[in-house]
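Protein chains: 2
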Amino acid sequence: MTDIRDYLSRRAALILEDRSLRRENKLLQSLTEKEAAADRIVRYIRAEEAVSVWGVEIPHLFPGMEFLTSKSIIDNTKIFKIISKMPKGALLHIHLEATVDKKYLLKLALREPSLHVRTACVVTPGNLTTVLPEFRPFEEAQSSQCTSVTNAEYPANAWLPLYKARASFALGGPEGFDRWVLRAMSIDPAEVYDTHNNVPKIWQKFKDTFSATAGLFLYRPIFRQYIRRFLLELIEDGISYAEARIDFLPKYMFDVDGNENVPHREWVWDFGQAVNEIRTTLEEQGRGEEFMGAKIIYTTIRILPPEEIEWYLEDCIALKQEFPDLIAGFDIVGDENAGRPLTDYIKPLLAFKRRVEDLGLNLPFILHAGETLSDGGKADNNLYDALLLGTKRIGHGFSIVKHPKLMELCRENEIALEVCPISNEILGLTPSMSMHPLPVVLNQGVPVTLNSDDPSVFGAMGLSYNYFQVLVSSETTGLITLAQMARDSIKFSTLEEAEKRRATSVWEKRWTEFVEELGNGRGLP
Amino acid sequence: MTDIRDYLSRRAALILEDRSLRRENKLLQSLTEKEAAADRIVRYIRAEEAVSVWGVEIPHLFPGMEFLTSKSIIDNTKIFKIISKMPKGALLHIHLEATVDKKYLLKLALREPSLHVRTACVVTPGNLTTVLPEFRPFEEAQSSQCTSVTNAEYPANAWLPLYKARASFALGGPEGFDRWVLRAMSIDPAEVYDTHNNVPKIWQKFKDTFSATAGLFLYRPIFRQYIRRFLLELIEDGISYAEARIDFLPKYMFDVDGNENVPHREWVWDFGQAVNEIRTTLEEQGRGEEFMGAKIIYTTIRILPPEEIEWYLEDCIALKQEFPDLIAGFDIVGDENAGRPLTDYIKPLLAFKRRVEDLGLNLPFILHAGETLSDGGKADNNLYDALLLGTKRIGHGFSIVKHPKLMELCRENEIALEVCPISNEILGLTPSMSMHPLPVVLNQGVPVTLNSDDPSVFGAMGLSYNYFQVLVSSETTGLITLAQMARDSIKFSTLEEAEKRRATSVWEKRWTEFVEELGNGRGLP
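In order, the protein sequence lines correspond to chains S and Y.
Numbering of the first sequence is given in numbering that gives the first Met the number 0, commencing with residue 0 and proceeding in unit increments.
Numbering of the second sequence is given in numbering that gives the first Met the number 0, commencing with residue 0 and proceeding in unit increments.
No lab work stands behind these hints: they were computed from the structure.
Take the hints with a grain of salt, since some may be wrong.
Note that identical chains are pooled: a pair holds if it fits in a single copy or bridges any two copies.
As the list claims (entries may be wrong) - BS3-like, lysine-lysine: derived pairs with alpha carbons at most 25 Å apart: (1) Lys33 <-> Lys80; (2) Lys70 <-> Lys163; (3) Lys33 <-> Lys204; (4) Lys377 <-> Lys106; (5) Lys25 <-> Lys80; (6) Lys204 <-> Lys352; (7) Lys206 <-> Lys377; (8) Lys499 <-> Lys25.
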């Protein structure tokens with residue numbers, strides 16, 4: 000013990016043992032030379048950019064810092080450019096309502112003459128940042144004395160044709176209208192880091208972005224194009240498969256004729272059509288391997304009284320029976336701190352499990368749980384219920400680091416976490432990636448997949464930004480850790496075994512190419 | 000599994016198992032009725048105040064929030080008043096230089112006619128908050144053409160008698176002078192939550208408070224009174240024993256004659272004298288049980304080149320031989336992110352261990368380690384070295400949550416963490432107690448003691464504020480958890496076994512009284 004060489008060998012052994020639960024640990028012992036080189040290159044560039052990019056004297060500048068104020072810096076790093084080219088596998092935690100670039104959504108909306116807009120009061124310079132637009136289609140244009148929401152005579156909640164309201168918007172004209180709408184549908188840095196600086200307030204702003212978007216998203220002509228765009232954006236970032244959560248709380252969406260009468264089965268049908276079309280298009284381009292399809296996780300919201308959830312559970316089963324390849328699982332979403340805990344729904348959820356078993360369906364729970372700072376409160380305790388209910392994965396699981404037994408269950412029973420780093424930061428669970436609990440779960444050997452949650456609200460399209468934040472904020476984590484998470488995203492998806500094998504083998508091929516390009520310098524930015 | 004009663008009993012069992020590593024778990028099964036009642040009362044009041052005190056609509060208001068902006072609210076809560084009366088056991092992590100109320104320190108200084116002050120430049124309204132005062136005594140008053148640091152003619156670094164400089168301070172007179180000095184010696188909310196809002200910057204401000212204080216603290220007439228006051232402040236807050244870290248980097252302090260020639264053995268002698276006097280005074284007042292004494296943890300700073308640390312290690316051994324009851328252990332302090340890692344000192348530290356063993360001394364390492372956000376960087380890796388070097392406790396260990404094997408070692412080998420919640424928050428490791436990793440280590444069964452670190456810099460005198468922040472920010476943690484930490488503070492001290500038994504039995508007696516008063520309503524505020 001007093002001999003320094005002995006000390007250093009004991010030290011190396013202790014570090015190895017401490018990290019022995021990490022899932023990429025076995026890989027580290029059997030890396031190809033090229034993988035090892037790629038890992039070293041990335042670590043070298045990361046260390047270099049920690050000084051050249053992040054070591055600059057601007058307040059609060061460090062790798063892994065607040066996403067919204069560092070995005071433009073991230074975009075220009077070599078590490079980000081490298082990560083953008085990495086194959087990512089599957090995206091398993093994303094809310095469809097918050098996926099597609101908001102500018103694109105607005106562009107789709109402006110093409111639809113039947114869309115109308117209204118506000119709860121006249122829009123003025125003073126309330127421009129707080130009054131929300133609401134959208135819906137009408138078969139025939141609604142008439143109103145007034146054509147502008149900025150007109151002092153505007154009657155509260157009067158529907159105006161969208162194109163008219165935009166043209167007559169007095170606060171900056173059509174461009175001002177667009178800025179107002181886009182702002183309502185996303186979160187900007189000042190709102191997160193200043194005015195909305197605690198969890199309940201940021202959640203309120205977050206919900207507002209969903210309300211502002213809902214009327215556009217749930218209009219069938221837009222919905223159909225939206226799904227195509229969603230899939231193309233994923234493929235663009237190296238993601239080859241997705242399980243998207245869709246909020247089925249509204250029982251109908253608006254049809255092209257302006258009537259709110261499109262039932263859930265038509266939503267799923269449209270989703271499946273879009274998947275097939277994208278698949279066909281890519282196959283025609285010889286890019287078939289880039290896309291393995293997409294499924295839906297049926298979700299409803301934890302504001303529902305327990306007796307009302309039964310309708311949704313039955314609805315989910317019916318959709319699964321009609322579209323067995325498209326429905327991946329069931330979840331209840333929404334702010335766990337404010338909403339109902341899983342314990343409120345135990346009875347119907349247990350009944351659902353029995354029904355699903357009796358019917359022989361492959362329809363697991365894939366539950367949000369522990370998206371909270373609480374220790375022993377209801378949102379934290381949702382983790383116990385998610386696991387007891389047999390959840391296939393855990394949505395977030397942010398607070399699971401407090402639970403040794405639950406981490407052991409996840410490790411032993413291979414229940415993966417759907418970790419959403421940037422979402423956690425923006426929703427106020429951690430002020431930066433340096434304080435995110437992800438390293439704890441990685442060292443405990445809990446399976447982890449990285450996810451984007453609500454990329455269009457955060458302006459973090461694709462998965463690369465989330466991969467980036469994780470990579471730069473830990474010296475233990477390296478490219479091989481990210482590769483493990485990408486592999487695990489396929490492994491813990493609801494794909495059939497044969498599909499998983501195919502997806503994995505395609506991923507391995509793309510990974511090998513990526514690693515080789517990086518190693519021979521061609522992949523370097 | 001599908002029966003709800005069965006589900007609920009499985010749920011209860013899982014929660015119990017998940018928390019089975021917690022150190023207070025055994026106690027929970029054998030509480031006296033009065034302890035159980037006291038715990039319920041505190042949980043009830045905490046829940047009530049979460050709404051009545053913290054549920055108010057002010058930005059960012061929640062239990063466990065930023066200490067500096069919530070201190071005045073905390074002071075008025077019932078929970079704080081209850082906690083203030085609780086017996087706390089031992090205080091094991093505190094830097095003596097940052098303990099005594101700064102106003103009291105300034106009062107002591109103003110009584111010393113030989114003290115002088117200087118600044119690196121003229122103090123102006125523009126630089127008032129950044130220019131630091133430096134103090135030292137001189138046997139004879141230094142003459143200078145100029146009597147004020149605010150005078151445009153003030154020659155940089157000219158020593159002025161303190162009382163003259165104060166009387167002639169042009170920016171608000173003597174009161175303005177006091178405000179300037181007090182501000183330089185402590186941290187205010189704007190500095191932490193705004194201008195100094197990242198770890199390196201807050202550390203710089205933190206070091207500045209030490210420089211501003213050093214010239215007063217290391218003047219023997221002040222030093223002697225300072226230690227007395229330090230001990231009395233602890234006793235006032237229900238702390239009955241302390242192990243104070245003293246920075247022995249300066250080899251001498253200033254004597255009453257203004258010469259810098261008081262060696263370390265005299266410092267320790269003075270400390271021992273103060274301890275004995277306080278003990279005698281309390282015994283005379285029939286309060287002997289309130290105070291079990293105090294010891295010194297010898298520290299130097301991690302800026303030292305490795306070859307220079309040997310002098311300090313030998314110095315520490317010599318002091319231990321002369322004052323076996325006063326020297327508790329050895330530590331290296333300072334910002335782990337900026338300073339040298341323990342690996343730089345392995346050779347001399349191993350040699351020290353051998354020497355200590357050969358000499359048959361009880362002189363353990365009690366090392367700072369893991370006071371960082373890093374994952375796998377040098378500051379985080381200090382944890383491996385602290386444990387391999389056989390540290391008796393770990394100073395902070397903030398990042399140990401990332402290390403399953405190291406938490407296991409602490410649990411199995413009973414190595415306690417010295418956790419300093421408010422210090423961690425103010426130094427930027429966590430934005431609030433809700434994000435502090437303490438619940439993780441508690442649920443892993445790692446022994447924890449709560450500590451104040453630098454109470455006078457933070458304005459968090461005693462231990463009650465730290466106890467408060469821990470109690471209100473977790474629903475799992477209760478009064479019994481705090482009691483476990485208080486018991487553990489004695490158990491993991493360097494007291495001899497017989498002293499520990501006595502300290503524990505006194506603590507148990509005071510605890511029983513506290514619990515009874517709370518239960519019968521007399522202890523309620």
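Violations among the numbered hints: 2, 3, 4, 5 and 6
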